[in-house]
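Start from the sequences and build out the full structure, keeping to the hints where you can.
Residue numbers (the numbering used here): 578 to 979.
Zero decoy hints are in this set.
DEER-style ranges, computed between Cβ atoms: (1) His896 with Val629: 54 to 62 Å; (2) Pro871 with Val957: 24 to 32 Å; (3) Ile750 with Val716: 44 to 52 Å; (4) Asn762 with Glu853: 17 to 25 Å; (5) Met903 with Asp925: 16 to 24 Å; (6) Ser743 with Glu856: 34 to 42 Å; (7) Asp925 with Gly599: 48 to 56 Å; (8) Glu858 with Ser743: 32 to 40 Å; (9) Gln745 with Ser859: 27 to 35 Å; (10) Arg746 with Val629: 40 to 48 Å.
Hints listed in this document are in silico derivations from the structure and should not be mistaken for laboratory results.
A virtual CB, placed ideally from N, CA and C, is assigned to each residue, including glycine.
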Amino acid sequence: MTGHDPAESMVLRGLRAALHAGFYLLLGIAATRLFETHDAGTRTVVALCGAVLLAVLYAAGALPPHRTYPRWGALLWLASVTVLWALLLAASPDFSWVAFPLFFLHLHLLRWTHAVVAVAVVTGLVISTQLLHADGFSVAMVLGPSLGAVFAVVVAWGYAAIHAESQQRRDLIADLRETRVQLANSQHEAGVAAERERLAREIHDTIAQGLSSVVLLLRAAESVLPEEEGTARSRIAEARYTASENLEEARGFVRELRPPALHDAGLAEALSRLCERTERESGLRCGFRLDGTPVPLPAEYEVALLRAAQASLSNVVRHARADTAMVTLGYLATRVTVDVYDDGVGFDPDTLGKSRADGTGFGMPALRERITLLGGELDVESSEGEGTVVAVRLPLDEEVDR
578 MTGHDPAESM VLRGLRAALH AGFYLLLGIA ATRLFETHDA GTRTVVALCG
628 AVLLAVLYAA GALPPHRTYP RWGALLWLAS VTVLWALLLA ASPDFSWVAF
678 PLFFLHLHLL RWTHAVVAVA VVTGLVISTQ LLHADGFSVA MVLGPSLGAV
728 FAVVVAWGYA AIHAESQQRR DLIADLRETR VQLANSQHEA GVAAERERLA
778 REIHDTIAQG LSSVVLLLRA AESVLPEEEG TARSRIAEAR YTASENLEEA
828 RGFVRELRPP ALHDAGLAEA LSRLCERTER ESGLRCGFRL DGTPVPLPAE
878 YEVALLRAAQ ASLSNVVRHA RADTAMVTLG YLATRVTVDV YDDGVGFDPD
928 TLGKSRADGT GFGMPALRER ITLLGGELDV ESSEGEGTVV AVRLPLDEEV
978 DR
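Have a look at this one:
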């Protein structure tokens, strides 16, 4: 009643093949000995037909590699095989040898407690049959079947342990592959965001500033030209118009390089939309609060604070098992802050920065490094059962205010 699993190791498949081969070998030996220990009468012929029927019944359930059965079907098959074997055992004690592979069938298909009871019952039948057909008692009649049953239980336990370990490894490999994909996507998004910021700064500091200076110079030159210099004035006006038009295009390009969540919206509105989307997609109650009066922030500040909120809420949804989360954007005299609070299960902050067995645990250290490069701070306060607060602080100085 087993199916073929291509992910299993060759060792496990080899054990199954050995079990099936052993069953047929022992059954064949027992059937052959019928003619050595019994007269060729009706009883022997019936026992031989029973052995053939047992071989066919076993093959129907155990050998098809790609067939699956409901549990009740498997148990009915096991009961049929066991009952037919018991009838053959009553006909000849030589069928006692077939009990050994039957041990493994019960241990594989039944729950552990039920399987051990079934093995004990089968062992008892073998011992009773040996005693009934023997001329006298010997220790080997009891010791042999008992040791065989104990050995089968130990081997089955080892088989189950190997199978469980194999399954855990497959699950771990699948988790690692998924984590690698997520990490690659995150790194790609971070690279795209960094490149957008770099291009925006370069365009703003070079092309846009240069075009702005050209417009100012042409406007100044136009104002000091004599009235009769119409042609020169016309050419200067045309150059100023072209420079102004290209300046607007450059500024529009800079705006387009900002993260999509910040398009046509300030940081506060982007965070509010993030909370609404998180609540809509995950079912987590997520609120947003604004403290203080918003002031213009550099693009890299807005991007970093938005990414911090996104990463923190993602961790809440995936790990915190929280009911409520709150994102707070605060504008203070000397700094801008984003706090993300949740009422989840919490964790030990000392584990931050340590990779987990599943390959995760790199998000928060990367976020802290990003905030530190901007001169800010990232703090995490948490304890088991008490929720978590992620606090991000970025400085506001005279240069930033400009």
